[in-house]
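Peer 1: From first to last, the protein sequence lines stand for chains V and H.
Residue numbering for the first sequence follows the numbering used here, beginning at 688 and increasing consecutively.
Residue numbering for the second sequence follows the numbering used here, beginning at 6 and increasing consecutively.
One thing to keep in mind: the hints can contain errors.
[To be verified] Straight-line C-alpha distance at most 30 Å; calculated BS3-like pairs for lysine-lysine:
{"no.": "1", "chain 1": "V", "residue 1": "951", "chain 2": "H", "residue 2": "41"}
{"no.": "2", "chain 1": "V", "residue 1": "1090", "chain 2": "V", "residue 2": "1054"}
{"no.": "3", "chain 1": "H", "residue 1": "210", "chain 2": "V", "residue 2": "927"}
{"no.": "4", "chain 1": "H", "residue 1": "41", "chain 2": "V", "residue 2": "1002"}
{"no.": "5", "chain 1": "V", "residue 1": "1011", "chain 2": "V", "residue 2": "800"}
{"no.": "6", "chain 1": "V", "residue 1": "819", "chain 2": "V", "residue 2": "951"}
{"no.": "7", "chain 1": "H", "residue 1": "154", "chain 2": "V", "residue 2": "868"}
{"no.": "8", "chain 1": "V", "residue 1": "840", "chain 2": "H", "residue 2": "41"}
{"no.": "9", "chain 1": "V", "residue 1": "1090", "chain 2": "H", "residue 2": "154"}
{"no.": "10", "chain 1": "V", "residue 1": "783", "chain 2": "V", "residue 2": "1024"}
{"no.": "11", "chain 1": "V", "residue 1": "759", "chain 2": "H", "residue 2": "41"}
{"no.": "12", "chain 1": "V", "residue 1": "972", "chain 2": "H", "residue 2": "154"}
Keep in mind that the hints were calculated from the coordinates and are not lab data.
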Amino acid sequence: MKRMTRGAAVVSALTLAVTMAVGVTPSHAATTLTMIAADYPGDGHTQQAQWTDFATRFHAANPDVTVNVIVKSWNDIDQYVATQIASGQTPDVVNKGDYSAPAAAGLLYPASKIVSAATLADILPTFLNNSKYNGVVYALPDLASARALFYNKDLLAKAGITKLPTSWLALTTDLGIIHRKLKGIYGYAIPLGPEEAQAEFNIWAGGNGGSYYNYATKAWVLDSPANIATATFLKSLTTKGYTEPNPDKCDRTACAQALFAAGKAVFINGSVFLGSWLTANGGSKINVGTGSFVSNTGHKPVTLGVQDYFTAYSKNGNQAAIQKWMDFIYQPANYAKFLVAAGGFIPATKSAGAKAASDPALAPFIKLLPNAVFYPGDIASWNSVKGQIQQGIGQAVTGDPAKVLGQLQTAAAAAK
Amino acid sequence: MTTVRKRYRVGALPWIGPAMAVIFLMVLYPAFEMVKTSFMSIDATGTSHGFTGLSNYRTLFRNPNLTAVLERTVIWTISIVVLTVLISLPVAQILHAKFPGRRFVRYALIVPWAASVVMTSTSWLWILNGYYGVLNRILLSLGLIQDQKQFLGSQTQSFTWLIIVAIFVSVPFTTYVVLAGLTTIGEDILEASTVDGASGWQRYKSIIFPLLRPALLIGMVINLINVFNSFPIIWVMTTGGPGYSTDTTTTLAYKISFRNADIAQSASMATINFGIILIFIVLFLKVSRWRDDS
Chain V
688 MKRMTRGAAV
698 VSALTLAVTM
708 AVGVTPSHAA
718 TTLTMIAADY
728 PGDGHTQQAQ
738 WTDFATRFHA
748 ANPDVTVNVI
758 VKSWNDIDQY
768 VATQIASGQT
778 PDVVNKGDYS
788 APAAAGLLYP
798 ASKIVSAATL
808 ADILPTFLNN
818 SKYNGVVYAL
828 PDLASARALF
838 YNKDLLAKAG
848 ITKLPTSWLA
858 LTTDLGIIHR
868 KLKGIYGYAI
878 PLGPEEAQAE
888 FNIWAGGNGG
898 SYYNYATKAW
908 VLDSPANIAT
918 ATFLKSLTTK
928 GYTEPNPDKC
938 DRTACAQALF
948 AAGKAVFING
958 SVFLGSWLTA
968 NGGSKINVGT
978 GSFVSNTGHK
988 PVTLGVQDYF
998 TAYSKNGNQA
1008 AIQKWMDFIY
1018 QPANYAKFLV
1028 AAGGFIPATK
1038 SAGAKAASDP
1048 ALAPFIKLLP
1058 NAVFYPGDIA
1068 SWNSVKGQIQ
1078 QGIGQAVTGD
1088 PAKVLGQLQT
1098 AAAAAK
Chain H
6 MTTVRKRYRV
16 GALPWIGPAM
26 AVIFLMVLYP
36 AFEMVKTSFM
46 SIDATGTSHG
56 FTGLSNYRTL
66 FRNPNLTAVL
76 ERTVIWTISI
86 VVLTVLISLP
96 VAQILHAKFP
106 GRRFVRYALI
116 VPWAASVVMT
126 STSWLWILNG
136 YYGVLNRILL
146 SLGLIQDQKQ
156 FLGSQTQSFT
166 WLIIVAIFVS
176 VPFTTYVVLA
186 GLTTIGEDIL
196 EASTVDGASG
206 WQRYKSIIFP
216 LLRPALLIGM
226 VINLINVFNS
236 FPIIWVMTTG
246 GPGYSTDTTT
256 TLAYKISFRN
266 ADIAQSASMA
276 TINFGIILIF
286 IVLFLKVSRW
296 RDDS
């Protein structure tokens, strides 16, 4: 008797709970969008507040659409998105650094369906050109960065070097002078650890006429003679003690940028946001100069441009809601907030770009962009090959360049 | 008789049911999914393209790093388990002896075991840091080294340090297993041997060590499984780097999946890993049954 009463109580409580849950559900059809976004700032700062603010204001304006933004660190986001898709929980919108693999797999809406024609017209054509797969634009550039040579003016003056080197030969000579005159200071911080090895090597290889992918022959060329020569050159710098020891273990943030911030490295290949990073990480006293990268004799210096993307997945069929949400993000006032939260990047829209051109921190980089080299992000296997490069290419500089690059080439050719 | 036994069996179901459900849902089903995935073609986005037979395994066996990683996994597992036992035996002996402050020392030993392995590894990562690490600071101040050392720089050095940290983490558990074994040895046997004129070493070799064997074997097998599957120490301290030079099969499986975006090939690595660990488990079951029979 007693037990039955308790059972009845449980049943009625459950019924009540179910009724209440049903009661709060709006009667008309509601859409919930899931967005997975990479967290640009890192270092304990996060974009979560910005995205929550966007989602709240968007929902207020569009009561039938709820957006759930999941913010993930750059280390975890690829893994998280792949796991979500593999387990059938495909997100609607993703904000991260690649698009070609899902485009090749037919999972994405083309860009023309993600935003209105007016928004699309506002996006810089250079970036849209880097967002194509088989000639169709499948992703929207969210922002971009470019890199330049950063140097510590005080240390350079202390070593008695008055002119920035313009060739690998001159660079080697200057690094030799620094090595002799400044004890405990590394001439060049070269981060070939997993974090950003693909960027660092691309910059050096670019200055020697090398690249990762040959668009003419449609093949990966990781072990091209130019790339092997680049790795051999970097290896010679490391062997002479002109760089930090073990560049294959040196990650960009924790090692190279930290050395530069501590005044222990003279040169570093820095990104557009390095200035603001230094201020936030104890390097505000460093007297920073910027210049263009050093290239090998007979080659032009290049800069590396990196752009990231918004992609929209078609599986859940929420095209109309996605378009509303994406248009909302690209509204100039909102887009400006997004850029501020991300921290010091180059905008991807004409309207925001016009303003950024007058920003002294961004202007030199915006000028560099038209001649920038980009990753082969439109090749479907790029994300996989990038992972291989990040893990392995540092060993080309500490080990046998030809052998390591040959192994990477074999792996890249087999990547799906 | 039979009816009683039957009722007894059905009656046990509510009690073992939850445990069985957990084992099925959390162990058997994921293992089944893992093996299934290893035979499927899955692209970098996570989309499945159906079964492909053994092609993932073929790709895996062509991986130029695989042989070195398998060899390293064997060295990793055996060296850590053996050294852990060699250290734990005397430590347990010391903790078994009565001395002032024994309780404190016993508690202190639990700390590296009770602390999260990620926490311990992170502490060591910073102790060993080549630019700001406290170990460099100490050795420099003592004049033992002239320049800062990159303890986690080269393969040999970082792998040695990984093994040291893994031993540091495994010793407390093993010591306690041995200590538990020691407390089961009756004082009377030891007294009798002393009366018979046995020396300290003879007593250890002929009485204590043989009686410790069951506890020690179980401790070793559990350690084998733990160390073989160990992920956090390597991942936190070196992420298997430089390159793949400190990877074991466990971290390699993770890298293939989440760095090289090949979930299916990673599943084939994990399946092979699972096969090896199954052998360890069979061994473990054998050991524990052998103990029941005796």
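Peer 1: Now, for every hint given, state plainly whether the structure supports it.
Peer 2: Hints, one by one, checked against the model:
Restraint check for residue 951(V) and residue 41(H): the C-alpha separation of about 51 Å exceeds 30 Å, so the hint is violated. Proximity of residue 1090(V) to residue 1054(V) is assessed by CA-CA distance (about 38 Å); at most 30 Å being required, the pair is judged violated. Simply put, residue 210(H) and residue 927(V) have alpha-carbon atoms about 56 Å apart, too far for the 30 Å limit, and the pair is violated. A threshold of 30 Å between alpha carbons decides the hint, and for residue 41(H) with residue 1002(V) the separation of about 24 Å falls inside it, so the pair holds.
With a C-alpha separation of about 11 Å, the suggested pairing of residue 1011(V) with residue 800(V) holds against the 30 Å cut-off. The suggested pairing of residue 819(V) with residue 951(V) is violated, with an alpha-carbon distance near 42 Å, which exceeds 30 Å. For the suggested pair residue 154(H) and residue 868(V), the alpha carbons sit about 21 Å apart, so the restraint of at most 30 Å is met. Straight-line distance between C-alpha atoms of residue 840(V) and residue 41(H) comes to about 58 Å, which puts the hinted pair past the 30 Å bound.
Taking the CA atoms of residue 1090(V) and residue 154(H), the gap is about 28 Å. The hint holds against a cut of 30 Å. About 18 Å separates the Cα atoms of residue 783(V) and residue 1024(V), which keeps this hinted pair within 30 Å; it holds. Between residue 759(V) and residue 41(H), the direct Cα distance comes to roughly 29 Å. Compliance with the 30 Å bound is thereby established for this hinted pair. Between the alpha carbons of residue 972(V) and residue 154(H) the distance comes to roughly 27 Å, so the proposed pair stays at or under 30 Å and holds.
In terms of the numbered hints stated before, the structure departs from hints 1, 2, 3, 6, 8, listed from lowest to highest.
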